[in-house]
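Visitor: Given chain E's structure and the hints, the job is docking chain A onto it.
Protein sequence lines, in the order shown, are assigned to chains E and A. Here the first sequence stands for residues 1 to 850, where the numbers follow the numbering used here. Here the second sequence stands for residues 1 to 232, where the numbers follow the numbering used here.
Treat each hint with caution, since some may be false.
[Said to hold, decoys possible] A few chain A residues that face chain E, going by a derived Cβ cut-off under 7 Å, partial list only:
#	residue
1	R79
2	N97
3	D113
Derived by calculation from the structure, the hints in this document are not laboratory data. Yeah, the Cβ is synthetic: ideal placement off N, Cα and C, and Gly gets one too.
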Amino acid sequence: MSPLLRRASLRHLRSHPAQIGLSVLGIALGVAVALAVGLATESARRAFELATEAVTGRATHQIVGGPGGLPEDLYRTIRLDLAVPRAAPVVAVDVALPDHPGRVMQLMGVDPFAETPFRPHLAGEDPLRTVSALLTRPGAMLMSGPAARELGLSPGATLVVRVMGVRRPLVLVGTFEPADSLSMQALDSVLVIDIATAQEVAGFRGRLSRIDLMIGYRPVDRVLLERVRQALPPGVELVRAGAQAGATASMTAAFTLNLRALSLLALVVGMFLIYNTMTFSVVQRRTLLGTLRALGVTRGEVFGLVALEALMIGAVGTLLGIGLGLGLAQGLLHLVTRTINDLYFALSVRDVHLTPVALLEGVALGLGTTLLAALAPAREATGIRPREALLRSRLEAASRRAAPRAALGGLALGALGLVLLLVPNGPVWGFAGLFALLMGTALVTPLAVTVMLRALDVPIAHAGGLLGRMAARGITAALSRTGVAIAALMIAVSATIGVGIMIASFREAVVRWLEGTLRADVYVSPPSLIGSRPDSTLDPALIQRLVTTAGVGAAGTARGVTVASPRGPVHVVAIGVAAGQPPGFTFKRGRPEAVWAALERGWVIVSEPFAYRHRVGVEDAVRLRTDQGEQRFRIAGIFYDYGSSAGVVMMSRSTYERHWVDRGVSSVALYAAPGTDLPTLIGALRARAAEGSAGAEVLIRSNRALREASLEIFDRTFAVTRVLRFLIVVVAFVGVLSALMALQLERVREMGLARALGLTPGQVWGVVTAQTGLIGLVAGLLAMPVGVLLAGVLVFVINRRSFGWTMPIDVRPDILLQGLLLAVAAAVLAGAYPAARMARAAPADALHDE
Amino acid sequence: MLLPAVELRGLTKHYREGDSERTVLRDVNATLWLGEIAVFVGRSGSGKSTLLNLISGIDRPSAGSVLVNGTDLTTLDERARTLFRREHIGFVFQFFNLVPLLTVEENLLLPLDLLGRNDARGRLRAAELLDRVGLADRARAYPDRLSGGEQQRVAVARALVHDPALVLADEPTGNLDAETAKVVVELLDQLVRELGKTVVMATHSAEVVGSADRVFLVQHGQLAEQRGETGR
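Isolated chain E (complex conformation) (with noise of 0.2 Å):
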């Protein structure tokens, strides 16, 4: 291309520095949402990954067991029946630290005399003196360097720790140095401490988490892991280190993947604004293309010119988006690792972890949009004949006929996207549909738009009169610029409202199952890490103290843990049923009284979101591995649940406890005597709890207490899609501010007429809000059905697909009203500026112009 064409190019851009401005603006936000939900999700799942790794050490299979871990006879056998010469037994509980509240820790239980082939980097910078200060001095306890400085411990410092709900305190007696930054942030997780004392202070007693083994792969390696296969007990297994871990961190894949999507949108309302700023750049200069086509520019040239003009601008949006993006990603790691915590595991996340992959990927991402929102407008622009110096209204008479053409194909696009959401698939494809729903909506707009004004036609020329009709004709007059705008904002508003319904019918499914689930007058459960996992269990004696408490008229049980399945972990709820008192399920699928009569015969029933997951229904059989083997349990019945996305496998404590060794129970449901007064009644259990028990912590909660500490949770699990759905509304406003800008600057000329005409400045700028504003009510208005719809797809198909859940749908009017709301102000908004500047013009210079 031509240097000079280039240079032309350049002094394009920066002679309309606030419409650029905004356009990169737009696309520097649509980039940071993506790369920062990419790269949040992506720091958690590495850190996982990276402290797996780091507590797995060199080892290359794990001997694991169920809830309650492995004998530790085993261990014996290994290391010298069958002598396995690298084997260490490792005890590991999740802890947290009451004095620094919502981290959480993994506190490992090593041997210090087998542990040092396997994690060498934990045994610190004096290896003989940390062996004998673990064994030998009361709770001595490992760290890495750089936690302990974070936390402000120095050698000799107790650190408090809350395990099983009893706090318990650790001695610092040394540190080890992570070799690297990311080994630094593995490690700033893990308290290293003897492994008796672990064994006492998890409640493991004579027991171990797993027991890790370091055997090569050569022939005589393979003999010696067969031996050992067979030397295990039932219900113990083999695994290759890191197996569990990848199942653990695939449960957040569905969550992930939506956060993702919600991203995206936000990148999609940015190309608009790109698609919009290009193509009014075209248009602004069709006499000039025209010129440069009669001058021997060719049309590739023509196409090349305003290509690379899209590119500067979503060069300098992406790099802007780089570093913004880096920012927010700080900001949502906070919100994402909460709810990981909260919904799936322990997980202490501190920093974002920036790789090349997510940056091209930004990079791809940022400039890819640009370059395909450019794209129709660069086509338009080699459609230029040389010469032309086309009329504007010719161009939106244009405009105006092609609408028709635009809106059927929205309704093909859009049937495609309903396709695409009706056939059984996967999320992606239903993402991948619900983005072809919005692009169809996208291109019906401009005839909707001069459908409804032309209806709106009468009453605004009566409530406003000639003025009023100016406004309004002024937006089907420049539907090349406002339909692009109007669909910009309508999608951006759809999606506050999609999301908004959505998470609104959500909230609702919750507290009505929350109602029928919770029947149980008062709550007795340990305090857990974070978020409302039952992670540990309740002292034996002080159930019985509780229970026994005046005013109690009976009381049920829950034990909640994970199992392996030969499909990845599992969550098992054993529940000890109350006399008289049935479980408030609502089934899905099964009777009520058939269901709790097969329960005792040792069938289960699993959870919606499970049966979706796994593909199994009733008299179907879940497989599970316990301590005495794999077993198979039939399912007796389907159950609403909206506790947990990754699915609940229910059975009695009876079979439970037939299958299992574990006997711990994670929370107690009591139910008041008739005619007992609750609160007195809380403060009856809470004295007994206090009696005999050592420094145990315990929340005694009502059930309204409860409830609300559970919508609370549901609440935060939700913050970070609110975050995405207020960014999203960011970027549309930027969008039709610079949607706006463009389209009323335009009109300057035209302004000016109507000033020499005699319109006050009052009247020019009163002109110009009424149609900024009426732009926003039609976009609102657009944005209703289009955002019921949208949580449609949400609710009934992504909420589906991706977690199994199904839910009425809620379409609350003061949603919907807000909606409106937000469109309406934010295209007033937008439009103050050039409403304030076009009053403020000189009828002169606005008619000075050629």
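Guide: Using the frame of chain E, we list chain A on its own:
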């Protein structure tokens, strides 16, 4: 010996208007010779601009052929016609049509730049031409700082800077007052004759007609020579 610069053979052009077809030119035949100034006159909508578009290869005839310097433009595809125009044709428009983002000097250099001839020689030629049109001191100015007459003088210089065989001008004085128009026409006349260029203009202006070697009336889709080979 007279050499043909432009040959129009059986040139016909229809435009589709809704369901019907409007014929703007019907079986037009003419030959314009190297170095002469030919002018098309006629009422608005008679087809003058269409003829210029066909001669420049911007538009394609419905039938017939257009030969410029022996090249049949109707046999070339769009890209080839564009490249041909880039090299062999200079344009002067009614509304000057300078590139507002380039300075006067850069506007002159643009055709050379597109041809890859924006070198020291090209810049010297641009400077000379700018001097000839009396705007050497405005080389660094942007077009919006120039008067209409000045802009059109720049446009004339730009049309000649790459040494095209043919200069096309569509109402070159249509947007100028009589006094300024006279200056521009004189300048164009002087320069093209000096450089031996063939010029084809469409105009309403008596001033322009006065400077022409041959005048054609475009009427009812036909080309009737009013003054020229026979009348001069």
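Visitor: Each hint: holds or not?
Guide: Verification of the hints:
Given the 7 Å rule on beta carbons, the hint for A:R79 holds: about 6 Å separates it from the nearest Cβ of chain E. Of the supplied interface hints, the one on A:N97 holds, with its beta-carbon coming within about 4 Å of a beta-carbon of chain E, less than 7 Å. Annotation: interface hint on A:D113 holds; nearest CB of chain E at approximately 4 Å, less than 7 Å.
When each numbered hint is compared with the structure, no violation occurs for any of them.
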